[in-house]
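From first to last, the protein sequence lines are chains A and B. Take our numbering: the last position of the first sequence gets the number 395, and nothing is skipped along the way. Take our numbering: the last position of the second sequence gets the number 687, and nothing is skipped along the way.
Be aware that a few hints might be false.
[As the list claims (entries may be wrong)] When the alpha-carbon atoms are kept at most 25 Å apart in a straight line, the in silico DMTMM-like pairs for lysine to aspartate or glutamate are as follows:
#: 1; chain 1: A; residue 1: K102; chain 2: A; residue 2: D77
#: 2; chain 1: A; residue 1: K322; chain 2: A; residue 2: E369
#: 3; chain 1: A; residue 1: K18; chain 2: B; residue 2: E580
#: 4; chain 1: B; residue 1: K510; chain 2: A; residue 2: D77
#: 5; chain 1: A; residue 1: K360; chain 2: A; residue 2: E326
#: 6; chain 1: B; residue 1: K510; chain 2: A; residue 2: D70
#: 7; chain 1: A; residue 1: K132; chain 2: B; residue 2: E580
#: 8; chain 1: A; residue 1: K102; chain 2: B; residue 2: D579
#: 9; chain 1: A; residue 1: K169; chain 2: A; residue 2: E126
Bear in mind the hints are in silico, worked out from the structure with no lab data behind them.
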Amino acid sequence: MARIELDAVTKQFPDGTKAVRSLDLAVGDGELLVLVGPSGCGKTTALRMVAGLEDVTSGTISIDGRAVNDVEPRHRDIAMVFQSYALYPHLSVYDNMAFSLKYRGGVPKAEIRQRVAEAARVLELEPYLQRKPRQLSGGQRQRVAMGRAIVRQPRAFLMDEPLSNLDAKLRVQMRAEIAQLQRTLGTTTIYVTHDQTEAMTLGSRVAVISGGVLQQIAAPQELYRRPANLFVASFIGSPPMNLVDARLERGGSETDGGGPVVVFGPHRIGVPAEVVTEHPALERYLGEPIVAGIRPEHLRDAALTVDGGDRPAQPVIELPIKLREELGSEVFVHGAIGTAAHVSDDAADDVRSLATIVAKMDPRTQIAEGKTAAIAVDAARLQFFDPATGASIRG
Amino acid sequence: MATIPAPQYQPGGTTPRNPPSASSRVRRTMHRWVLFILMVVVAVVMLYPFWYIIDNAFRSAGQFDRQSGHSLSGWNQLFANLPVASELLNSTLVCVAAIAIILVVSTTAGFAFAKLRYRGSGMVFLLVVSALMVPLQSILFPEFVNLSNVSLTSSYAGAVLVYAALGTPFATFLMATYYRGISDELIEAAVMDGLGYERTFLQIAIPLSLPAIATITVLQFIQIWDDLLVGLFFLPTNQRTITAGLATLSTGRTTSVPALMAGSLISAIPAIVVYLIFQRHLIKGLTLGMGK
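Working from the sequences, and respecting the hints, build out all of it.
So this is what it looks like as structure tokens:
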């Protein structure tokens, strides 16, 4: 087990592309840190630098306090699970798993056998030890790749999108197995994925990266509840957070609740007093444009809310419904907001550019396409962002 | 009540199809016959020389002139005039040594071109591949002068080096192409497993490239074994290859065709055997990089 630190690590390729920009990260002993971000954001490059497969342009990578920038990959005592599994096709499952121990030397044959047998038992690979990788299913190959990493008992695991080649069902199953295995072994792990669901369910902490820059590193719930900026707000969560260009105006009327009011298009949403207390910086934005955000799950069918009588009174906006999507356990409704939705540079062709917001509804909802529906907004969950910097308005 | 007839079973298919019309059946049969006749013609053209060699190797000069009767006279003449065994041994030595050099150079260079990143590798690869365009005849004299300056024209070494130099560009090209098809992650996995690039090459790249190595072995064996020019130029009489030896059977106005045919038959056998042994790998190697 090990503590891995990245201090102002930058990677610039010979063609001038900066894949990683001044990345600071600290992965605790035994922690599972997930690097998540869209394709090409630099997360895999960062992982490969930790592995030693890419040179570091500037900055320092250290393992247990020792700088390893110039240490060969084989001397870092780190195991890596690759996206393609990278199993040796000419070797049996047993030989794949024992490969590193055999060639590194220093481990007696009996112990190699014992370690492989133990890993095979944990990963349920015992019946396949004499087979070649081509004779295995995708899930079994993925397990062999895991087994190859485990038998080495390295100081840390690096996993580069190890589940991306599996079908959806198997991915969920293997995700749980990896999480359980990591907790059992307690080995420091850096896990790279572009799938935010995978990141949220696996990581004790999640680092969101975009354009080679670390956007936020926090526990999954913290990322979800308090995104540091517009990118994190829109990347974490499915469907993504609804973001609209709005103005923050001074309220005053009783219907507004007496506090500031978020105004976008024909809609007005009063900001509750506790939100203002939590975001004192909002005062500075009175009369100014802001980006307001609300997650789909914090929008409800007003009819159900009122009829149920189990919700506090919430501001209601009337939206023409353009689309209703049935998912069984929930219903997504897309409502036109009557003004331009906020479009970030990163999501120019995102669904938000269609000037709709998405609400995740109880399946009992009667809201129908083509009708206007009253949507209750859980205003206590509103998020606010500076339109110029994209940063969350807090403090 | 009207009944719907059950669909008729069609051999070779699960869904009923309309039976082909008589004219389309005739067209298909004609097409098959034309193809068959064409293939027979090609087979005859390809195999006739082999038949000619075998048939005439077992005749005397007179029988050859008359084209009737068979005997071992041609074989007796061949063994009387040519040290067949030693020339076959010479051919084998030259082939094995040259192929060994070609394989060592092409596998290491191919791996470096395909998997190692260094400045100018693309340009160097282009230079190596451009050597494919240089015909043997154009470099024969300069090579002879070069090698005679270092006294290598009167031993196996000169011919071996020339064959190796001629075969390496193509072999390197083939190996680099093959190694490019091997996932970078596989090489990196071996590096992470603690091997370093040298042992990764030996433990992972070489075992995975056996089809390409077999292809190079067969192609180079056939090329070197059958070559006449380099053997005549660079080897002394006592170290001549079988092909160069056969050329000496034809002296001025007298040529014993049966002896020549017998020699050709002996000479062809090793190349055919090597081809038959490696043919499965050869086909795999030649089609590499064509798809997933």
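Okay, the hints, checked on the actual structure:
Restraint check for A:K102 and A:D77: satisfied, since their Cα atoms lie roughly 15 Å apart, inside the 25 Å limit. Distance check on the hinted pair: A:K322 and A:E369 sit about 5 Å apart at the alpha-carbon level, within 25 Å; holds. Pair hint A:K18 plus B:E580 holds up; C-alpha atoms about 22 Å apart against a cutoff of 25 Å. For the hint pairing B:K510 with A:D77, the CA-to-CA distance comes to about 23 Å; that is within 25 Å, so the pair holds.
Distance hint between A:K360 and A:E326 is fulfilled; the C-alpha atoms sit about 10 Å from each other, no more than 25 Å. The straight-line distance between the Cα atoms of B:K510 and A:D70 is roughly 20 Å, inside the 25 Å bound, and the hint therefore holds. The hinted pair formed by A:K132 and B:E580 meets the criterion: a straight-line CA distance of about 18 Å does not exceed 25 Å. Distance check on the hinted pair: A:K102 and B:D579 sit about 22 Å apart at the alpha-carbon level, within 25 Å; holds.
At most 25 Å may separate the alpha-carbon atoms for a hinted pair to count; A:K169 and A:E126 meet this at roughly 23 Å.
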